[in-house]
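S.K.: Chains as they are written, first to last, in our numbering: chain A, 1 to 483; chain B, 1001 to 1404.
No lab work stands behind these hints: they were computed from the structure.
Treat the hints with care, since some could be wrong.
So the derived label-pair ranges between C-beta atoms look like this [claimed, not checked]: (1) A:I64 / B:M1141: 52 to 62 Å; (2) A:S367 / B:P1227: 38 to 48 Å; (3) A:I128 / B:E1301: 22 to 32 Å; (4) B:M1141 / A:L321: 52 to 62 Å; (5) B:W1302 / A:S404: 29 to 39 Å; (6) A:L482 / B:S1311: 55 to 65 Å; (7) A:L243 / B:D1340: 23 to 33 Å; (8) A:S367 / B:D1250: 49 to 59 Å; (9) A:I405 / B:T1360: 27 to 37 Å; (10) B:T1360 / A:S404: 46 to 56 Å; (11) A:D126 / B:V1257: 35 to 45 Å; (12) A:R454 / B:S1391: 23 to 33 Å.
In this text, a Cβ means the ideal position worked out from N, Cα and C, and glycines have one as well.
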Amino acid sequence: MAAARVLRGWSRSTRHLSCVHHIQMCSRGHVVKPKYTCLFGYSSFKFSHPHRLLRTSSTVNGQILQFKLSDIGEGITEVTVKEWYVKEGDTVSQFDSICEVQSDKASVTITSRYDGIIRKLYYDVDEIALVGKPLIDIETEALKDSEEDVVETPAVFHDEHTHQEIKGHKTLATPAVRRLAMENNIKLSEVVGTGKDSRILKEDILNYLAKQTGAILPPSPKSEIIPPLLKSETTQSIPVPVLKPKVFTGKDRTEPITGFEKAMVKTMTMAMKIPHFGYSDEVDLTQLVKLREELKPIALARGIKLSFMPFFLKAASLGLLQFPILNASVDENCQNITYKASHNIGIAMDTEQGLIVPNVKNVQLCSVFEIAIELNRLQKLGSAKQLRTVDITGGTFTLSNIGSIGGTYAKPVILPPEVAIGALGAIKALPRFNEKGEVIKAQIMNVSWSADHRIIDGATVARFSNVWKSFLENPASMLLELK
Amino acid sequence: MRKKLPGLCTISLLPHCTPRRWQGVSTGSNSMLIPFSMKNCFQLLYILKVPTAGLKNTAKGGLILQSTSNNIYQNLAVEDWIHDHMNLEGKPILFLWRNSPTVVIGRHQNPWQECNINLMRERGIKLARRRSGGGTVYHDMGNINLTFFTTKTKYNRMENLKLVIRALKAVQPQLDVQATDRFDLLLEGQFKISGTASKIGRTAAYHHCTLLCNTDWISLSSVLKSPYQGIKSNATPSVPSLVKNLLENDDTLTCEVLMESIAAEYAAYHQTDSNIILINPTDETVFPGINKQAEELQTWEWIYGKTPKFSVNTSLNLLSEHSYSEMKIHVDVKNGRVEDCNIDAPDHWLPQEMLDKLRTRFVGSKFCQCEATVLINALLRTYPKDHELYSKWHLLCEKVKTIM
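Chain B extracted, bound-state conformation (with noise of 0.2 Å):
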């Protein structure tokens, strides 16, 4: 059922090869400017040897992909990849993939406001953001991501989530499951058991969702949980819902056969080859400029520099050998730095110019705690007489640093 024939995969992006940014070439003219990504189809067309019958037999209905990597980053490259570089007239993909333990935000969301950053730092646990819009959620190898690729006009959802419904049911005909109208799947009308975002672009479209077949969910909702308190902000936040695996439901409900049952759904409904072609998205010869994309998703830049502008404000307490005090702390934070800070500690606990040099020293770093260590400690190299002080000052640092 499942060939491995990346020769066969890139011929049939060829003849539909078509780069977002096509500024059209005028045909009469000897010296063709032809812009990156039309290139590099025409050197797969060297790079192929494809019998003419798997042309034909891809040049129906659609391709169905899987990845064979675990990396979210390499996956979510591959899907920004396919998004900006192939021509789906005619040709919608499917594409599987399943990851590693990570957990992937919406583009536009706040990582503080939704998940709990030192918890997944101590676990292994990635960050990632996506490009498309939507809620947070929780990938492991037991959970199976669906990316439907069309053109914009084809662009439907509810279509989508048919498929999927349809394709559950031809493994276990009596499962319950429902499309909601916020695009999500319910087990048993109220657990969840998928979630949906998309993404439109000026010619083409991709939904994606989720499927969770045997997640950990102990770990699912420990790290979904955010201990930031006193965070404002606009960015779109999570609707939380109670979740179940399809495997207590029912044995047979393996990923492996989920996606087998998937894939032949989709085959039947777009008319095409059911067989599903494996793809490695590091190779470059097959999408070309894929990894620097990758690189670009793992940048702080993207993953935290990208939340919208949000302010903090909170009140930590300071317990110290001696005495019991609070302290609040307001900041804002825009595009991952520290726009402003504001640290109101109790009267003469700290000398006001230590706390004005601290507020100073963390306007314009980034807001992250191996950061806010760094700048902590060159501070504190000013100050190491007064015992009392010191230790107060250490203490007023690691209290600030939990906030981040």
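Only chain A is shown next, with the shape it has when bound in the complex (with noise of 0.2 Å):
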């Protein structure tokens, strides 16, 4: 039988093989017809789809060339290789660049002449390359040469997968084009190819799948089907929508974790091991808002933008200094508090590289015009890359402006070896009740608090935050506590 004609070639091949019958039953319980399954190292197939075939005959019949290292003028005889474009084993078309070498100055690129597969690279990278000497060995498919063998295959089957003589032309492709046609069970022979003598691109495959409507479906045979539908002949029939055939060539990427993220998962690791509670409120800035617009100018005039961190900051460290565990530390076993004397106040940062930590050294100390200038600083280093590690160690409490790019309520994560950090929400116009009870514009943020739940309790956060809010809502009241 033709079958074992094939499968006589396919031992040839440096594969396994071993052959299943596998007889399928349609639902009558009538024999259809008997289907070899046969299997090699790693897939199964069926004969109605040839295409490990088609990879065994290209792999088989393919030639290999030695494409030599071409001159590169001005009489050069020797180069260096300085990096290679591909591996041993990759798939290459025409034009691809292959690697890189250099001498005397100049980089060349060099670039395929063939399409095939990488079989062999003759020199390592910093290796003196020889100009006429080979460089690398390619796998040609060898259209040219080898009819015979192929066109012995295909008379077997009805499918046109294979190299095919169809209008006296070849259908040539790349194997990576015929993959794509393979797994979506187009046959290479439908295709126009648009590429140099004919050649069928990706392109083409995708254009031809675009076209396709429904024909992928393959149709049962007649006998089968009872239709329920044909009974009620009254009802029109609506076409049922068929979905076109999506090609989806993305695949899942998977890399390291390193730097920036890498100390994230450290940090946050650690984070875990501390009982957080959280405590949530919001805030009127109606009377900051107004304050800062007239600062603003002021501040800009000696060189500072005035944002609204450094009224946070300060109002901050006025509370610390009202309730100082949360500006303290346990260590490992929560055996003893360190209250911390400096408030270093951190703020988060979100950088291209990923979340940075940089804290403003000593609140308690400045005044809000200073805090301003440190932020400004730190920002400016922080968008440059070149904060130092001064400035991110030794922060004792945490502020997360998360509001800036947006959101209400948040659940912030405590750096350790801090106890507590605070996420601010955007700033919005809302409606509220005044004394009056009047409804008015008001600015409101919301805050959200979390902290270590092993020795701050939520009656003394809530006190803080009612602290904090109350030089915030009324920033006049900060004077009070200028020194």
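Relying on the hints, combine the two individually framed chains into one complex.
M.R.: Spelled out as structure tokens, the structure:
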């Protein structure tokens, strides 16, 4: 049988071959037709899809060509290989870059002359390659030479995936294109090739798929269908929409976690050991917003951009003076509490590389303006990726202004060895009642505190939050604390 | 002499615009698949409205372009774009450009070996890696860059340099300028005023060189001196030379004067229109896809990540309040990331497990001060208690960062 001839052809390949008879039964209990299922090293397939066959024939019949390093000009006889863009086993197309060589201040990109699979690289990086000598071995499909071998096999199959004599032409396509066609059950003979010599390109396959309408679904044998629908002949048959096959060539990508992300993994894993509790509240910033508008130009005249953060930091520091336990640190076994003297308040900063938390040192000694200066400096360093270790260590309390991006309530995670953190939402204009019971427009911001419940209780945080809130709702009260 | 004619620029690109990865369009077919670059050439056709007289002028020998930007990345992207997208058959191009202070390293060089990265960061001097080979150069507005684009067959560096010498002598006939066999230009036989590098592709090639007119050589010499010790690598090393500014020789040799002279000489040699066409390297209509190329040149992966494998083997002194000791450190870096790291601190100075932790943190991360800072900080959070230990740890980490 022709199938046996094919099997013999396969045995030429180095893959292990085993054949299993597999008889398929249809729903009526009749044997439709016997199908041979053959198992290669990794995948099984049925005769009606001889894609694997195609693969084997190409590897068996492909020529291995030596690609020599061509003359670069200026009498150069040797170059240093600096970088390989391919490795053994990769598939390349004509004109793909293969490697980068350097000679005497000239950097040369060597491109492939053929389509095919790389079989051997003759040099390692930093080795000297000689002009005129082989650079790589590439296995091409050798379409012109092996016509006879190839034609033999398709005579068996009615499908036309292989190199077929179609109108006297071969269907030319690179292995990558063939795989794409095979994955989507497309007959190469039906695709119009628009590449060189009517070569079928990837775009041709995609265009062909786009044009397909319902031809994908295999027609089921009519004898099997018992259509209940036909009984109600009065109802109009609405054509059922058929999904066009979607070609998705995306792939999952795994990469190791490094750098900023790795640092975050370490810090947050440690933070997991702290039992967090949350406390949220809403702050009316109408007065502060007005105040800042007045102060902004004054600060700008002195060269500083004034945001809300300096006010938040100063108010927090004033609150910490009354509740020093929030500015503390516990040791590993929770045996001792260290009340930190300095209020080094950190601000979470979102940079291109990830999350980084620099801190403003000794906020208890700084005026609002001085805090603004320091924030400006840290922001500039942060965006230039020049924050020093001293800027990001030694923090005792943290504020995260996630509201600058958006949000209302959050659940911030404490950064060890600190014991508390606050997340500030966005400032929104909302209707509120004033003392007279009238509806007024108020600038509302939400704050969410998280604290270490091993040493801090809810009442402490609530009172701290009230103090902080009162300073911000009534900025004038901060005057009383001026030194 | 100078016209800003972006339209003129594009029409001359058109009839010969052939992308590098041209797979061949079967002419008889109705459904033509047109590769990306060609499509844009067709689009350019519709944008243009140029008098035919203009077309005839540029149809002859070549083009002279000058960049309106001083951004190294944008200008390097123009070089790449012209190299990849234009058909230079019978139409060579001269590209004139200058940059704000930047250090440019060659394709296969090691920035840690070539320049003082920290000093550059402090002074706001950029770092860029170009695609051509060769050594490290310092650019600023007193330095002219010339790029000669030709087909691969017409690639001839000596011819280009002779052209430059003729142009210089046209302004100042007594100038003692010669080309060496390393394709440098020497003034008075000893001072280097120009360095060369080139890139050869499948069909096109370019040769670019610098020309020192009035560079801040104090900045040049301080920034091109690497403070990093113990680096062992196969990266292309730079050959340091004594340099001098042309302006010191003769007041008349300013950048503007020299650029005009070189353009005139080029036009005469290639029998082309001597008008210098100003181009904007961010204009996507003229150079479709160029902004993406400029962005790629600025990524960490390109500038630092493309450094050939190297290792650092050095000893750092640890001076603390109580003691003085030395620590040996060995780092293997591949693709800009730490592949392996070994820290040999004096016995009992720090617990071994801390050193091991530091080591595992570093492996796989970028060989970069900023990332090291963040990683070290995350590590420091785990050891805040013992003050002495903390300060020793802090000192160790600071010292390790100095090698990056």
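S.K.: Taking each numbered hint in turn, which are not upheld by the structure, reported in ascending numerical order?
M.R.: 7, 10
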